[in-house]
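Peer 1: Chains as they are written, first to last, in this note's numbering: chain X, 1 to 433; chain S, 1 to 309.
Calculated from the structure, these hints are not laboratory results.
What you are looking at is a predicted structure, and each value in this text was computed from that prediction instead of being measured.
The beta-carbon is built from N, C-alpha and C at its ideal position, and this holds for glycine as well.
Hints may be right or wrong, so weigh each one.
Stated by the list, open to error - Listed below are the simulated BS3-like cross-link pairs for lysine-lysine, each with C-alpha atoms no more than 25 Å apart in a straight line:
id : chain 1 : residue 1 : chain 2 : residue 2
1  : X       : Lys361    : S       : Lys21
2  : X       : Lys361    : S       : Lys250
3  : S       : Lys292    : S       : Lys210
4  : S       : Lys210    : X       : Lys339
5  : X       : Lys46     : S       : Lys12
6  : X       : Lys275    : S       : Lys201
7  : S       : Lys209    : X       : Lys361
8  : X       : Lys46     : S       : Lys21
9  : S       : Lys12     : S       : Lys292
10 : X       : Lys126    : X       : Lys163
11 : X       : Lys126    : X       : Lys58
12 : X       : Lys46     : S       : Lys243
13 : S       : Lys13     : X       : Lys49
14 : X       : Lys126    : X       : Lys275
15 : X       : Lys178    : X       : Lys130
16 : X       : Lys324    : X       : Lys275
17 : X       : Lys148    : X       : Lys177
18 : X       : Lys163    : X       : Lys178
19 : X       : Lys46     : X       : Lys58
20 : S       : Lys276    : S       : Lys209
21 : X       : Lys339    : S       : Lys209
22 : X       : Lys339    : S       : Lys89
23 : S       : Lys243    : X       : Lys339
24 : S       : Lys292    : S       : Lys89
25 : X       : Lys389    : X       : Lys405
26 : S       : Lys21     : X       : Lys49
27 : X       : Lys275    : S       : Lys210
28 : S       : Lys62     : X       : Lys49
Unchecked claim - Away from chain X, derived, C-beta distances all over 10 Å, residues of chain S:
id : residue
29 : Trp3
30 : Leu4
31 : Asp5
32 : Leu37
33 : Ala56
34 : Asp74
35 : Ser85
36 : Val111
37 : Glu149
38 : Asp177
39 : Gln186
40 : Gly220
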Amino acid sequence: MFNVLTEKLNGVLEKFRRQGQLTEKDLDEGLREVRLVLLEADVNYKVVKKFVDEVKQKALGENILQSLTPGQQVVKVVRDELVQILGQKQSELNLSRYPSVLLMVGLQGSGKTTASAKLAKHLATKVDKKVLLAATDLQRPAAIEQLKQLGHRIGQPVFAEGKTPVQVATGALDHAKKNAFDVLIVDTAGRLQINEELMAELEEMNQKLEPSEILLVADAMTGQEAVNIAQAFDTRLKISGIILTKLDGDARGGAALSMAEVTGKPIKFIGIGEKPEDLEVFYPERMAERILGMGDILGLIEQAEAQLDHADAEDFVRKVREDKFSLEDFRTQIRQVRKLGPLTKLLQKIPGMGQVEVDEKALNRVEAILNSMTRHERLRPEVLNGSRKKRIASGSGVQVSDVNKLLKRFEEARKMMKQLKGKRLPMGMPFGR
Amino acid sequence: MSWLDRLKQGLKKTQENLVGKIAQTLRPGRRIDAELLNELEEIMVGGDIGIETTTALVSELKNKTAIRGLQEADQVMGLLREVVSERLKKAEGRFALRTDGQPTVFLILGVNGSGKTTTIAKMAQHFKELGYQKIVLAAGDTFRAAAIEQLGIWADRVGVQLVKTTAGGDPSAVAFDAVDRALKEQAQMVLIDTAGRLQTKFNLMEELKKINRVVEKRLGREIDERLLVLDGTTGQNAISQAKLFNEAVKITGIVITKLDGTAKGGVIIPIAATLKTPIKLVGVGEEAEDLKEFKSEEFVEALFATNGK
């Protein structure tokens with residue numbers, strides 16, 4: 001586990017250690033760093049306070065001060081504690097009834113309608129349920145239309161008949177019963193703020209529908225207010241879980257910790273993109289690491305998985321194993337990586353690499369050189385003689401020495417890959433300086 | 001209700017949570033010491049002011065109390081108002097409305113759910129009331145289901161023109177058509193809606209650059225206002241949003257919506273303090289009248305309002 005927080009903590013605690021035995025006061029000093037990291041991630045300050053106190057007790061109890069690597073130990077306690085708060089409860093949906101009603105609640109713009117459709121798709125395709133959506137947001141212009149279109153896109157029916165939100169909801173329930181739907185997902189209207197009108201409407205729905213789950217849909221970018229929002233909905237409606245949306249951005253998502261802590265309710269799903277399939281089961285470990293700013297390696301891997309061509313990737317691994325990796329594959333690989341966006345952006349996701357500058361132009365040159373070769377040359381670089389190299393250099397606007405440099409680096413990389421045979425996908429690729 | 005009253009009402013929660021709590025801490029008779037400053041820091045961070053700006057504010061308070069030889073806690077409130085005012089004052093900005101007969105073109109940007117479409121509707125209504133007759137809306141959110149319909153309903157309600165395409169169409173083309181029509185029909189204003197996008201999505205930010213480019217090519221000049229709509233309940237991610245959107249297309253102003261929905265409207269302070277982009281509109285409610293030009297004095301007045309105590 002290496003990251004900024006660990007480094008900071010090690011730095012602080014090392015300093016004290018050199019002065020002798022670590023004391024509780026030194027630990028406090030170190031925990032200040034933890035506090036800052038959490039606050040920067042938008043975790044509610046009260047939650048932070050309580051959390052840091054708990055971590056301190058644990059750290060003292062586990063005799064971390066005697067440890068050789070107290071910084072790492074503290075971070076471990078922090079992480080475990082985070083995971084515990086974020087995921088101590090089962091996050092599976094209760095779908096035991098027929099139909100099971102899922103009531104979706106939340107503020108305006110939190111992503112209720114999108115989350116409803118995503119959940120419908122998830123349940124229909126992955127859990128094999130017959131799902132009905134109910135559009136009860138009669139307030140926002142075209143909200144019903146939005147759910148209808150989404151329903152159409154994911155191939156799930158949408159019920160929207162009725163004059164009031166409650167009428168639509170109860171009508172949908174009847175319809176679901178008559179037509180043997182397994183699950184009814186009720187999308188509701190949001191408000192700019194938590195007010196009486198909204199809560200009264202939702203309470204009435206709650207009574208009439210007796211939902212199996214009341215899911216609070218909340219924006220991962222929410223700041224300190226997250227606590228109030230979660231508490232308000234939980235007090236009035238007894239929510240059963242949380243769906244955290246817009247986690248595909250760079251928000252650290254401290255709101256997750258705040259809401260889980262004050263309500264004691266599990267985060268069940270996260271929204272990680274704009275497409276109907278971009279809904280994922282919540283993993284407490286990942287969230288903990290994200291809040292702590294431990295880079296977003298997992299996110300990077302996911303992004304890669306989503307955008308890279310799987311067949312190509314498998315092909316790549318196989319070729320590396322069999323030592324058949326050619327310049328042709330190298331070019332494919334460069335193109336794949338570039339699909340993910342600029343390299344600097346990718347590097348930001350790797351802990352400690354955020355500041356690294358990458359010369360995108362150098363990569364352009366590499367690609368140009370490869371493009372100037374014939375397929376035959378890329379597959380069998382050994383045929384490259386002086387005149388071929390000259391042609392390639394003038395074709396790609398570089399010097400022959402640049403072509404040689406590329407070939408040399410490629411050879412080195414190939415040797416490296418040989419050593420890695422059988423291990424995981426090598427990250428070091430033969431580009432850069 | 002006057003705008004100041006609306007503002008006061010909209011900021012009430014923030015006022016109570018931030019300034020109210022600070023006032024309790026700064027009770028008369030208390031001395032200014034490290035503990036007091038720590039408490040202030042905690043309240044400010046809890047109000048979404050963010051670590052960086054909070055630290056800056058508190059150290060400024062510390063310096064100023066030292067320089068002025070202040071020792072009593074209740075003297076700090078005036079200072080706080082002063083340092084906050086200074087920062088908000090710098091962030092004031094007005095719309096660059098054209099007076100040369102050409103349409104003023106607004107490009108509205110932001111992450112998903114920040115309130116772009118509603119902001120456009122409110123702006124259109126506002127300008128209509130100010131006497132601008134010919135306003136064209138461009139339904140540039142061709143991605144989200146029913147976004148075009150949503151803007152269409154608003155266009156009908158407000159009584160302005162809508163230029164649109166089919167869902168999934170090219171947003172640049174819609175923006176181009178809207179500007180093209182505005183120029184040909186001598187409209188006074190064009191408001192271009194865009195699909196919500198998270199600031200970290202490379203391809204979507206590229207799409208935004210393209211919209212900007214295409215519109216400016218047709219205009220033969222720069223777009224007048226590129227407004228970033230920020231949700232007032234957002235935490236410190238607001239800063240990242242502003243930075244990355246600004247990197248993609250230079251934003252000329254910020255609109256902060258939903259400030260009534262939060263007790264932590266403090267996020268406006270780091271926005272003002274750390275970004276060079278002016279805040280142009282603030283929204284404190286659902287009504288069209290709840291979105292108005294940002295004037296720092298009024299805002300400070302509402303934020304620091306004492307409710308008779």
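Peer 1: Look at each hint and say if it fits the structure.
Peer 2: Each hint tested on the structure:
Taking the CA atoms of lysine 361(X) and lysine 21(S), the gap is about 54 Å. The hint is violated against a cut of 25 Å. Taking the CA atoms of lysine 361(X) and lysine 250(S), the gap is near 24 Å; set against the 25 Å cutoff, the hint holds. For the hint linking lysine 292(S) to lysine 210(S), the alpha-carbon distance of about 29 Å lies beyond 25 Å, and the restraint is violated. Simply put, lysine 210(S) and lysine 339(X) have alpha-carbon atoms about 18 Å apart, close enough for the 25 Å limit, and the pair holds.
Distance restraint check for lysine 46(X) and lysine 12(S): the Cα-Cα separation of roughly 21 Å lies within the 25 Å cut-off, and the hinted pair is therefore satisfied. At most 25 Å may separate the alpha-carbon atoms for a hinted pair to count; lysine 275(X) and lysine 201(S) meet this at roughly 14 Å. Proximity of lysine 209(S) to lysine 361(X) is assessed by CA-CA distance (about 20 Å); at most 25 Å being required, the pair is judged to hold. Note on lysine 46(X) and lysine 21(S): the hinted pairing holds, with a Cα-Cα distance of about 14 Å set against a maximum of 25 Å.
Proximity of lysine 12(S) to lysine 292(S) is assessed by CA-CA distance (about 17 Å); at most 25 Å being required, the pair is judged to hold. Simply put, lysine 126(X) and lysine 163(X) have alpha-carbon atoms about 33 Å apart, too far for the 25 Å limit, and the pair is violated. Distance check on the hinted pair: lysine 126(X) and lysine 58(X) sit about 40 Å apart at the alpha-carbon level, beyond 25 Å; violated. A threshold of 25 Å between alpha carbons decides the hint, and for lysine 46(X) with lysine 243(S) the separation of about 28 Å lies outside it, so the pair is violated.
Note on lysine 13(S) and lysine 49(X): the hinted pairing holds, with a Cα-Cα distance of about 22 Å set against a maximum of 25 Å. The straight-line distance between the Cα atoms of lysine 126(X) and lysine 275(X) is roughly 16 Å, inside the 25 Å bound, and the hint therefore holds. As the CA atoms of lysine 178(X) and lysine 130(X) are separated by approximately 13 Å, the hinted pair is consistent with the 25 Å bound. For the hint linking lysine 324(X) to lysine 275(X), the alpha-carbon distance of about 37 Å lies beyond 25 Å, and the restraint is violated.
Only pairs whose Cα atoms come within 25 Å are accepted, and lysine 148(X) paired with lysine 177(X) is accepted, the gap being roughly 20 Å. Between the alpha carbons of lysine 163(X) and lysine 178(X) the distance comes to roughly 21 Å, so the proposed pair stays at or under 25 Å and holds. Note on lysine 46(X) and lysine 58(X): the hinted pairing holds, with a Cα-Cα distance of about 19 Å set against a maximum of 25 Å. In summary, the hint linking lysine 276(S) to lysine 209(S) is supported, as the alpha carbons are separated by about 20 Å, within the 25 Å threshold.
About 18 Å separates the Cα atoms of lysine 339(X) and lysine 209(S), which keeps this hinted pair within 25 Å; it holds. Of the pairs offered as hints, the one joining lysine 339(X) and lysine 89(S) is violated, with about 43 Å between alpha carbons and a cut-off of 25 Å exceeded. At roughly 23 Å between alpha-carbon atoms, lysine 243(S) and lysine 339(X) fall within 25 Å of each other, so this suggested pair holds. Between lysine 292(S) and lysine 89(S) the CA atoms are separated by roughly 16 Å; this keeps the pair inside 25 Å, and the hint holds.
Taking the CA atoms of lysine 389(X) and lysine 405(X), the gap is near 11 Å; set against the 25 Å cutoff, the hint holds. Proposed proximity of lysine 21(S) and lysine 49(X) is supported: the alpha carbons are some 17 Å apart, at most 25 Å. In summary, the hint linking lysine 275(X) to lysine 210(S) is supported, as the alpha carbons are separated by about 22 Å, within the 25 Å threshold. Proximity of lysine 62(S) to lysine 49(X) is assessed by CA-CA distance (about 24 Å); at most 25 Å being required, the pair is judged to hold.
Under the 10 Å C-beta cut-off, the non-interface status given to tryptophan 3(S) relative to chain X holds; the minimum distance is some 18 Å. Remark: the non-interface label on leucine 4(S) is consistent with the geometry, its nearest Cβ contact in chain X lying 20 Å away (cut-off 10 Å). With a least beta-carbon separation of about 17 Å from chain X, aspartate 5(S) lies farther than 10 Å from that chain, consistent with its non-interface assignment. A cut-off of 10 Å between C-beta atoms confirms that leucine 37(S) is not in contact with chain X; the least separation is 15 Å.
In this structure alanine 56(S) is separated from chain X by more than 10 Å, as the shortest Cβ-Cβ distance comes to about 15 Å. Against the 10 Å criterion, aspartate 74(S) stays outside the reach of chain X, whose nearest CB is about 24 Å from its own CB. Look at serine 85(S): its CB is around 22 Å from the nearest CB on chain X, clear of 10 Å, so calling it non-interface holds up. Valine 111(S), annotated as away from the interface, has a beta carbon of chain X within 10 Å; the closest lies near 7 Å.
The Cβ of glutamate 149(S) does not lie farther than 10 Å from every Cβ of chain X; its closest approach is about 4 Å, which violates its non-interface assignment. Non-interface call for aspartate 177(S) relative to chain X: holds, since the shortest CB-CB distance, roughly 21 Å, exceeds 10 Å. No beta-carbon of chain X comes within 10 Å of the beta-carbon of glutamine 186(S); the shortest separation is about 29 Å. Separation of glycine 220(S) from chain X is adequate, the least Cβ-Cβ distance of about 30 Å exceeding the 10 Å criterion.
Checked against the numbered hints given earlier, this structure breaks hints 1, 3, 10, 11, 12, 16, 22, 36, 37; the rest are met.
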